[in-house]
Structures are given as C-alpha cells and as structure tokens.
Amino acid sequence: MFADILAAGLRFSTTINVAALGGSFTQKVGIWNVALEGLILSSAFSAVWISYTSGNAWLGLAGGAATGLAVALILAFVVVTLGADEIIAGLAVNLLASGATKYLLPIAFGGFQGAVVSEDIVPLPEMHVPGLDSVPLVGEPLNDHSPVVYGGLLLVPLVTFVLYRTGFGLAVRAVGDAPEAARAAGIHADRIRYAAFGLSGIFCGIAGAQLSLGFLSLFSQDMTSGVGYIAFAAVVFGDGYPPLVFLGAIVFGFAQAAVIQLGNTLTIPAEFISMVPYVVAIIALVVLSYRRRAHRLQPA
Amino acid sequence: MTVRHHLTPIVGPAARIGASIALGLAVGAIAVVIGGHDPAHAYKVLFDGAFGSYRAFANTLRTATPLMFAALAFAIGFRGGAFNAGIQGQFAVAAFAVAWLGVHLALPGGLLILVLFLAAMTAGLIWALVPIALRVFFHTNELIPTFLLNYVAALLIHYLIVQKFKDPLYHGITEGTPQIQEAARLPQLMPPYRVTLALPIIVALALVAAYVIRRTVVGYRLEMTGRSIPFARYGGIATSRVWVAAMATSAMLAGLAAVPAVSGDQYNAVAGMTPTLMFDAIVVSLIALNNPIGIIPAALFLAGLQNAGLALQIDADIPLSLVTVIIGAIILFATVRRAGPLEPLVVAARARLVRGASNDAQPPGPTPKVPVPPQVGGEIR
Chain A
1 MFADILAAGL
11 RFSTTINVAA
21 LGGSFTQKVG
31 IWNVALEGLI
41 LSSAFSAVWI
51 SYTSGNAWLG
61 LAGGAATGLA
71 VALILAFVVV
81 TLGADEIIAG
91 LAVNLLASGA
101 TKYLLPIAFG
111 GFQGAVVSED
121 IVPLPEMHVP
131 GLDSVPLVGE
141 PLNDHSPVVY
151 GGLLLVPLVT
161 FVLYRTGFGL
171 AVRAVGDAPE
181 AARAAGIHAD
191 RIRYAAFGLS
201 GIFCGIAGAQ
211 LSLGFLSLFS
221 QDMTSGVGYI
231 AFAAVVFGDG
241 YPPLVFLGAI
251 VFGFAQAAVI
261 QLGNTLTIPA
271 EFISMVPYVV
281 AIIALVVLSY
291 RRRAHRLQPA
Chain B
1001 MTVRHHLTPI
1011 VGPAARIGAS
1021 IALGLAVGAI
1031 AVVIGGHDPA
1041 HAYKVLFDGA
1051 FGSYRAFANT
1061 LRTATPLMFA
1071 ALAFAIGFRG
1081 GAFNAGIQGQ
1091 FAVAAFAVAW
1101 LGVHLALPGG
1111 LLILVLFLAA
1121 MTAGLIWALV
1131 PIALRVFFHT
1141 NELIPTFLLN
1151 YVAALLIHYL
1161 IVQKFKDPLY
1171 HGITEGTPQI
1181 QEAARLPQLM
1191 PPYRVTLALP
1201 IIVALALVAA
1211 YVIRRTVVGY
1221 RLEMTGRSIP
1231 FARYGGIATS
1241 RVWVAAMATS
1251 AMLAGLAAVP
1261 AVSGDQYNAV
1271 AGMTPTLMFD
1281 AIVVSLIALN
1291 NPIGIIPAAL
1301 FLAGLQNAGL
1311 ALQIDADIPL
1321 SLVTVIIGAI
1331 ILFATVRRAG
1341 PLEPLVVAAR
1351 ARLVRGASND
1361 AQPPGPTPKV
1371 PVPPQVGGEI
1381 R
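Line order of the protein sequences matches chains A and B. Each step along the first sequence adds one to the number in my numbering, with nothing skipped, and position 42 is 42. My numbering runs 1000 ahead of the 1-based position in the second sequence.
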C-alpha cells in the first residue's frame, strides 16, 4: 500500500512538477500562463502519434517537446506581439488543444475513436537507478520509473540556477518585476517574454510526453483532465520559485496518488476522494495569498 | 501581473471581433481540408443547420437561451473585475437543484416555476460563496479557486445523481435524474420546439443590465471597479463591495442558466451536463465585447454553430469537435489589440477611413432606441 502510493505519487508529481517548472519562467516574466493544460494535452497527443508511427519513444519525447514549443510560440505571438489578454488567450489554447486533438485523433490514428490504445505505442523505457533498491522501505518503489521522472527532479535545481544565477534569469525577473526599468537597462522585454513562453512550452511538452508515454502508454480525449490547472496552481503557490513550486507539485501529486490507492479500501465514495487534490490546491493558494498579504501589502 | 501595453489599441473593437471570427472560420476551413472534406460544402451545411429552416432556427433559439444567461453572467463579472471561471460548476449545482425540486416539489404550476428560478439562483450563488469569501478574507485571486471548484461540482453532482437520484430507466451516455413533472416545465413559445419563456426573460435581463451599466450609479461603480481598483477606490467607491456584488450576480446568473436547460429543454439533469457551457459563455461575451445587448446576437451565432455541428457530423461526416476548434480559434484572437506584422497596413487603412469619414457630413439617421454602451471592458483587467 505504502509502496504503491509512493510509486504512483512520484509519477503523478512528475507531470505536475515538470509543467509547473516551465510555468515558473512565464510566472517570473510576469505572465499568467493558464495554457499549461493545453500545452500538455497537445504534446501528449503528438508524442503518442510519433511513437506510434516511428516506434521510437525518444522521438516521441522530442516531438512532444517540439509541439509544446510550437504551440507556446503561437500563444506568445498572440499575447506578446498582438497584445491579447493572456488569460483569455491561454484558455483559448486549452480549448483549441482539446478540440484539435479530438478532431485529429481519428485522422491520425485511422480506426480509433475517443482513445488510442495500441501495442504500437512504444513507451519510454524504465530506468534502473543502481543502488537505489538497497535503500530500505522507499528504495524499490522509487526505482524503475521513466527517465523523465528522475530528470524532472534534476530540473528543480537547474531551473533555480537559471532563474537566480544567470544573466538570462536576471533578465526574466527584471522584465517581470519592472518592465520599464528592464527596458531602460537595455533588455529586449518582448524577446525575454517569447523565451519564457517557449521554455514553458518545452517543459510542458516533456510533461505531456511523460504523461502519455511514461506514465501511461495511450492517448485519450481530454486525458489531462485538469492536471495543467493543478500545475498552474503549483506555480502560483510557489510564485515561480522552483523549490516551492516543486513542493506544491509533490503535495498535489501525492494527494492524487493517495486518492487512487486509498479509494478501494475506504468506505467514502470515490467522488469525494477525487475531490481532495482540487481542495488541497485551493487551500494551498489561500495559505500562500494570506501569508503574502501578511508579509507585504499586495499591489491591489 | 499582466503584460501592460501603454499604447492605444491599434485594432478597434469591431475590427477585432470581425477579424477573429474570420480567422476562426479560416482555421476551421483548414481543419476541414486536413480531414479531407470540402470547406465550402461544410460551411453550407453549417449555415443550413443553424438557420436554414424554421426547425433549425427554433433549435438555435433553444440552445442559445441558457448560453445567454451564462454569457451575461461572465460579462457582468468581467465588467466588475471578477473573473468568474466557475460558471460551469455553478450551473451544474443549479441544474441538480432544479431537477430535484422539479421532481419532488408539489406546488401549483406558476408558483413552482418561480421557485425553480429562485432555487437556481441560490444554488449558483452558494457554489460561489467559497471563492468570494476567500477573496474577501484572504485576498486569494478568484481565478483558480472558481475554476478548480468546477471539478469538485462535477464530482459532487456525479455522486448525487448516481448514488441518490438516479433514474434507472434513463438511458443516456451518462447517468441522469428522473424527468421533472409537467408543472415544472417552462411554457413553450414555438411548440413543438422547446423555445421557452426563459428567452424573453433573458432578453429583458440583458436590456436591464445594459441600462444599469450605462445610466445608473451602480453601473458606474461597476465599470470603475472593473477598470482600475485603485482609481475607483480613490474616487470613493467601496470596491470590495462592488466586486462581491459583481461576482454574486455573475454566479446567480450562471445558476439561472440551469432553468432553461433543465426546466425548458432536457427535463432532467445528467452528470456532466453541457460540458462546454462556460467556454461558450466566455466566447459569446467576448464577441459581444462584454456588452449585454450584444450577447443576444453573439449567443445566436454560437448556438447556431453548435447545432449545425451536429448536422455536420450527420450529413457531412465531419466530427463535431470541428466546432470546438473554430470556437477556440475565435477566442484566441478575440482580445488582440495590435496587428503585429500587419500594423502598417492597419494604420494606413484607418487613416484613410478617418479621412473619408470626416469629409462626409454625419448622415441624419434615426437615433437608436437603445443607447449603445461604451465599448470597454474587453481589454481591461
């Protein structure tokens, strides 16, 4: 039981964590990127399609990242260059991703309706971390997951480093905090915004490929079912600071895993257990906004 | 936290909406070609399915009615600075309430229907109380809580319908409640089609909303709060109170959408009812520039598109999801304020237009009966 929750929690958290780390870039550049959901969904679709047609999961992963990047750049064009409302345009991307994947599914995978489950979809290989099994209790359940699971953990310090220890990260935060000052300092604000959107797209693309090729090996209509919004809640919870964002992702992921694993043993109806992650996300937001309010006056 | 553009919008509201609808239809045409069909034929089937016959038109009116309630809900909230992303959940909870009362409550006809309207309003409001309280007491932005509560509502209603109130004889895609009694059904205006009393009611509500926004102090406070909270507060407006009123009104209207849907159309509530209602409401409100009167034609356009989507699936063998793609593309471009690479063209066209207009004398025409509210709100958050 405990081992199952640990293994499932790690897998759930990975999708949320990787997408949310991508969202940290847009958060820090001062944009509410609610499109994580659509970015994950569209890349989950293309990752499965590429793996299905080419038989190579790594190509699927790369294709997922490329799809995330392409969709994010379209969104960046509409928001940054055309000056559209980022929330409305982000919701539009989510709707477009949902509609387009449904529309393309029977065209891309002849004969399938609603979901693609096939032997031809090659999943990402399981990675065996040598020596991890010898750690008592937690070692085995944490071992033998997709490489994205372990890569996702390494991304936390990496993104922290990029955002807080590099010139690019400084530019991102400068544009987010004070666009006028950043411009005065010679930073091309729009270019930085494009870069932030692009990075969020690549990260969500990897998260989407992990969802459809690492965690599961299938694609079904609207298979993300809100995971992108949960990831966005993690971004808002940590205000784009990767360690905190990671913490949020872990909490949401493990809440979801506990729900599924405990669902069979408890007498509470399944629907109520499924509510837990959403409620946890809302509570986390409240705690955060209240704390932030206590520390400093928020700009109204 | 927004990308702020200090320049005046290059693209005017009317051009923006026209262009986004055109782009949406163009994206749809590309999708049709990818699917291996003829776009001209597809759009002809779409138009005929929406407005081509008395029956098609009546069905478009039927579908448009709940959409008008939900779109007005979004518009009122948005104008007052409240982003109600919980319309779906408020609607679902209200739909269950209407179905439950419609089955169980024994009251004479007219009174029962009045109770159903009140119950739907209350249910919608109750579902928004938590996000309202979080914003007021903890300063939590309403966007994420209202949105996540949609999932909670869907799960709750699924539980209630499946475990407590299932009709074993109902055979839909999902589980549904039993049918409501005759007395709980709204009177029909175009029998046998389910165009009901709710249609004139929402049209009247839209007119009232337009009047309030344009002509009253309450409307002025709403507009100021929606445009800039610090500025409104500086002007002596109790912005927190206005925000709560806007959100509460929005939630009540979202709940009211359940009356035409359940009591006027479906005669029961099902799990996952009208799953696209909120996005549709957002797109209608955007096309209408959040203008209550504009919502009426915009809702007819979108409802027509959706009904026609069914015709498309049946007659032309093109998946219904094409309509989702078109709607998504329309929303994507609906709030743009600049023309990007086309900017020089737009500026030149505008200059010519302005010069042309100033040469012609203002044509003496009849003044419109209903004053058109100022076209604001779309870009202000």
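No wet-lab data here; the hints were simulated from the structure. These numbers were taken from a predicted model, which means no experiment stands behind them. Heads up, a few of these hints could be off.
[Claimed, not checked] Taking CB as the label site, the calculated pair distances span:
no. : chain 1 : residue 1 : chain 2 : residue 2 : range
1   : A       : T53       : B       : I1030     : 15 to 25 Å
2   : A       : S225      : B       : D1317     : 24 to 34 Å
3   : B       : D1315     : A       : G139      : 56 to 66 Å
4   : A       : D177      : B       : V1212     : 37 to 47 Å
5   : B       : A1040     : A       : L153      : 48 to 58 Å
6   : A       : D177      : B       : G1036     : 18 to 28 Å
7   : A       : G186      : B       : Y1234     : 30 to 40 Å
8   : A       : E180      : B       : V1208     : 37 to 47 Å
9   : A       : R183      : B       : S1053     : 54 to 64 Å
Even glycine gets a Cβ: it sits at the ideal position worked out from N, Cα and C.
Against the structure, the hints come out as follows:
1. T53(A) <-> I1030(B): 15 to 25 Å: 22 Å, holds
2. S225(A) <-> D1317(B): 24 to 34 Å: The hint (24 to 34 Å, Cβ to Cβ) holds, given that S225(A) and D1317(B) are roughly 28 Å apart.
3. D1315(B) <-> G139(A): 56 to 66 Å: Since the Cβ atoms of D1315(B) and G139(A) sit about 60 Å apart, the hinted range of 56 to 66 Å holds.
4. D177(A) <-> V1212(B): 37 to 47 Å: With Cβ atoms ~39 Å apart, the hint holds.
5. A1040(B) <-> L153(A): 48 to 58 Å: 53 Å, holds
6. D177(A) <-> G1036(B): 18 to 28 Å: At roughly 50 Å between Cβ atoms, G1036(B) and D177(A) fall outside 18 to 28 Å, so the hint is violated.
7. G186(A) <-> Y1234(B): 30 to 40 Å: At 34 Å between Cβs, range holds.
8. E180(A) <-> V1208(B): 37 to 47 Å: 42 Å, holds
9. R183(A) <-> S1053(B): 54 to 64 Å: With a Cβ separation near 57 Å, R183(A) and S1053(B) satisfy 54 to 64 Å, so the hint holds.
In summary, the structure is inconsistent with hint 6 from the numbered list given earlier, while agreeing with all the others.
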